[in-house]
Structures are given as structure tokens and as C-alpha cells.
Amino acid sequence: MRIIDAVGRFRDDLSDPPGKGPAARSEIEDLYRRYGALVRRRAYGLLGSDQEAQDATQEVFVRVIGAMAEFRGQSQPSTWLYRITTNLCLNRIRDGKRRRERLTQAAEAGGGPLAAAPPSPSAEARTSLRSLLERLPVDLARVAAHYFVDEMDQAEIAALMGVSRRTIGYRLDRFRTLAQAIIDEGTAADPPSGVPRTEAKSR
Amino acid sequence: MTEEPFVLSDAARRRRSPECASDLALDQLALGELSGADQTRLSAHLRACPSCSQAQVAIAASQRLFLAQENIGALASDALGRAERERATFRPWAWVTRLALPLALAAGAAAVVLWPAEQETRTKGGFSLSTYVLHPEAGNRGVLHAGEPVHPGDKLQFRYQGHRGYLAIVAVDAVGKVSVYYPPGPVAEPVEAGRDLRSAVELDDVLGPEVVVALRCAEPVAVAQVVAAAKQAVERARLAAQTPTAIDELGLPCIEMRQKLDKVGRPTPR
Numbered sequence: 009m010r011i012i013d014a015v016g017r018f019r020d021d022l023s024d025p026p027g028k029g030p031a032a033r034s035e036i037e038d039l040y041r042r043y044g045a046l047v048r049r050r051a052y053g054l055l056g057s058d059q060e061a062q063d064a065t066q067e068v069f070v071r072v073i074g075a076m077a078e079f080r081g082q083s084q085p086s087t088w089l090y091r092i093t094t095n096l097c098l099n100r101i102r103d104g105k106r107r108r109e110r111l112t113q114a115a116e117a118g119g120g121p122l123a124a125a126p127p128s129p130s131a132e133a134r135t136s137l138r139s140l141l142e143r144l145p146v147d148l149a150r151v152a153a154h155y156f157v158d159e160m161d162q163a164e165i166a167a168l169m170g171v172s173r174r175t176i177g178y179r180l181d182r183f184r185t186l187a188q189a190i191i192d193e194g195t196a197a198d199p200p201s202g203v204p205r206t207e208a209k210s211r
Numbered sequence: 008m009t010e011e012p013f014v015l016s017d018a019a020r021r022r023r024s025p026e027c028a029s030d031l032a033l034d035q036l037a038l039g040e041l042s043g044a045d046q047t048r049l050s051a052h053l054r055a056c057p058s059c060s061q062a063q064v065a066i067a068a069s070q071r072l073f074l075a076q077e078n079i080g081a082l083a084s085d086a087l088g089r090a091e092r093e094r095a096t097f098r099p100w101a102w103v104t105r106l107a108l109p110l111a112l113a114a115g116a117a118a119v120v121l122w123p124a125e126q127e128t129r130t131k132g133g134f135s136l137s138t139y140v141l142h143p144e145a146g147n148r149g150v151l152h153a154g155e156p157v158h159p160g161d162k163l164q165f166r167y168q169g170h171r172g173y174l175a176i177v178a179v180d181a182v183g184k185v186s187v188y189y190p191p192g193p194v195a196e197p198v199e200a201g202r203d204l205r206s207a208v209e210l211d212d213v214l215g216p217e218v219v220v221a222l223r224c225a226e227p228v229a230v231a232q233v234v235a236a237a238k239q240a241v242e243r244a245r246l247a248a249q250t251p252t253a254i255d256e257l258g259l260p261c262i263e264m265r266q267k268l269d270k271v272g273r274p275t276p277r
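Sequences listed follow chains A and B, in order. Take the first sequence: its position 61, counting from 1, is numbered 69 in this note's numbering, and each next residue is one higher. Take the second sequence: its position 169, counting from 1, is numbered 176 in this note's numbering, and each next residue is one higher.
FYI, nobody ran anything at the bench for these hints, they're computed from the structure. Since we're looking at a predicted model, the values are computed, not measured. By construction, the Cβ of each residue, glycine as well, lies at the ideal position given by its N, Cα and C atoms. Each hint should be verified, as a subset may be incorrect.
[What the hints assert, rightly or not] In silico contact screen, one side only, chain A against chain B (beta carbon under 7 Å); selected entries:
1. I11
2. R41
3. A45
4. Q66
5. D158
6. G170
7. V171
[Said to hold, decoys possible] Covered by chain A, per the in silico footprint, the following chain B stretches (three or more residues, Cβ under 8 Å):
8. 23-29
9. 33-45
10. 82-90
11. 202-211
12. 246-259
Only chain A is shown next, with the shape it has when bound in the complex (with noise of 0.2 Å):
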């Protein structure tokens, strides 16, 4: 056994000086070209909502400029965006006061720049989905995003959250089990969309 130091919130915490000058404002404007459009693309399919992707997607790029190192030493680049936007996201989904002012753009949400994301799923299926993701617990809710969102199959959000197969298995079902709780008793607040209400009152 071995006391080490603590690991950070999340690992793309771990920070190192950003750089500063011409050079390093033109490093992080060749990662806007080559990664922006992806980090853009994931947020708005997990928070629904344009200015929300904007400004997440602002917020990844800071924790990249923070942990520079880390993101120079990747080998698949996107999989460490994939994984921070997640994280990020995830957060924001979940923070009540977002909560709130999402709902209200959602109401007034047209197709926005990411009318050209990929066409999956549904986008009523995407509502519903993000609401069970604001109540069930991150660690189901991130392997969910991975799996419903991102196309994920199991082995693949194994190897980008560095588990076990059986490990995301498990805790798919569990998310499943829950989300069907969710849905089946009505406990929710404002219940999924994209739900049969026969469905949902059908015990």
C-alpha cells in the first residue's frame, strides 16, 4: 500500500502553466481547428442547447491550456476530450441553476450549428435521456452518456474510463434499472419526454 497524492476531481484537473505569448495563443488556435468542432459537437449532444455548448466548450479548452502536458502526451487526443467534456458536462447538466435556465432555451431551442451532428438518437429521445442523466448518479450517468450519446460500445467505454467490461455492464444496468424506476413510478418532477404516458402509468 502506498499513499500518494491525491489524483485530482477528475484527472484533467491535473494542471501545469498554460504557456503565454504568440506562440502559445497560436498552439491553442491550431487545437480550436482540429478539435473544436468535436468538442462543440459532444457538449451540445449532451446539454441540448447551443450557448451551453459554447460556453462548455470554452470551459474544456481552459482545462486543456491547464493541463497542456497531459494533453501533449496523449496519444488519442480525442479520447481525452471526449472524457473531459463528459465530465464537464455531466457537471452542468446537473447543477440545478443550469438546470433551470436550460429548460427555459429548450422551450425555445431551434436546430442550432449542430443541426449537422450526427443524426442519433432522436433529439426527444436525447431530452428524455438527459433528464434521467440530471437524476441518476454520475458515475451510471457517464457510462450512459458514453453508451446512448456517443455510440459507445461497452468495450469502448471500458478502455476510455479504464475499467472492466463487467464493470460498465454493470453499471449500465444499473442505470437502466434505475431510469426504469424513474419512469415506471413517476417520481420524477417533470417526467422523461419521449416516454408514453400509458407507458409510464402502466403498473
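Starting from the known structure of chain A, fit chain B onto it as the hints suggest.
Just chain B now, with coordinates in the frame of chain A:
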């Protein structure tokens, strides 16, 4: 039993076969991050799968839209500015530095601290620790669920909830060895609600059950005293012909909380 709602159904997903690509795989293909073999395999699938091919086209379109619509320079400047401001205000370990001297002094005084009356410490309410696990190859940590196994090399970290006090955590493994999980120093450290503990622990290679014992005390007790009490508890368990992890209370005037870990060999990668 109700039918699974659409939102939880695989029918809500784009993927229609195990060969179908995730968004991540499509992004990695676009970014050139896939190995040659994966790239070949995925490209062949895209030629045969309208659904994945459509997703690939959409990803490429979102990339073009982003570059056309966004002011990249302004975004980069904003992010750099915010990162610099955060760096200027974020000093996560400043409080540890401030506590270094008092803790060092407390270490010398710990041996003569008088235990408060047991009743007094137990009337101050309980506490809880959220356990997080970080697997070596992982990029983020997750909550350790009841019954979820851990593996050698995993890192465990805890978040404290409860009244203020001084915390020490030890563990007894399957062979009866007592290890210190927290703190890294010689004296129980002050804790307050909602805070992550400042150090984590990396699990060793001893497999089997392991019991983690957390103590919140009203005074900064010496860690050595906690370890000694745990060793005595192990001896009592052995004398009672029980397994080392079946220890009873440590008998210190602190509030005690336990968690059982199940440490198993690391699964071999597929």
C-alpha cells in the same frame, strides 16, 4: 414488468451492428488517430453502412461549419485569458501549506493528548466517506460502488462528509497487515465536509478482502496509535479464530466507520 421505454432501448441508438462505429471512432478516423488496421476496417464498414456513413458526413459538415462560423482567434484569446485568471486564483494546496507548521507541532504533542470522554465524541454525529477509484489506465475516477471489485494498482481517494474533526484511515488486508491510507503525515488531519482528502492510496498486490477503517476524532491523534490499535484488533480476531479482516472496534475514542473492499486480480485486456 413494463416494456423498456424507447430512451433506454438499443433501438434509440444509431448503431445497428457490432461493426458500427461510435462517434469517437468516426472522430478519430477524421483526425487520423486510428491505427492502420482500424482505419482500414472502419473505412470498409463505412462503404457498406449507410447509417455510419451518414454520421461520418455529418461530423465532417459540423467541422466545416465550426471553422466557417467561429472566430478562432477570439476563442483562443478568451480561453487563454480565463486559464491565466484561474491559475492566478486557484491555489488548491495553500491551506495545506498553512497547516504544515501546526501539524508538525501537533505531531510532537499527540502522544500526550488526553482522549475526550467517549460519550462526548459520539454525540457529535456520524460521518461518511465517498470512495473514488482510479484505475491506472483511466482518465477519470469514478465512485466505487458496493460490491465492485478493486485491483492491485488502483488508486483510491476519499471525500469526507460530516462534522469537522481529525481523520485517520487504516486498512487491514487479507493476511492481517495494517496499512495507513490517510494521512500521509504522522497525525490525523483536520477535515471538513465536502472536501477531498489531500492524498490518495495505491493498492498493493495482496488479493482478497480488505477492511478500511476510518476514524474521526475530536483531537489530532497519532497515526501510530491508530495503527497499534488496529494491530491489536487483528490479534484479537486471530485469537478468536476469525479472519484478520473480521476485526472488532479499535477502541479509540473516535467515531469509527468501515468499508470492505474486495481486491481481485486485474482482468486481462481483451
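Checklist entry - Which earlier hints turn out false for this structure, listed by number in ascending order? => result Number 12 only.
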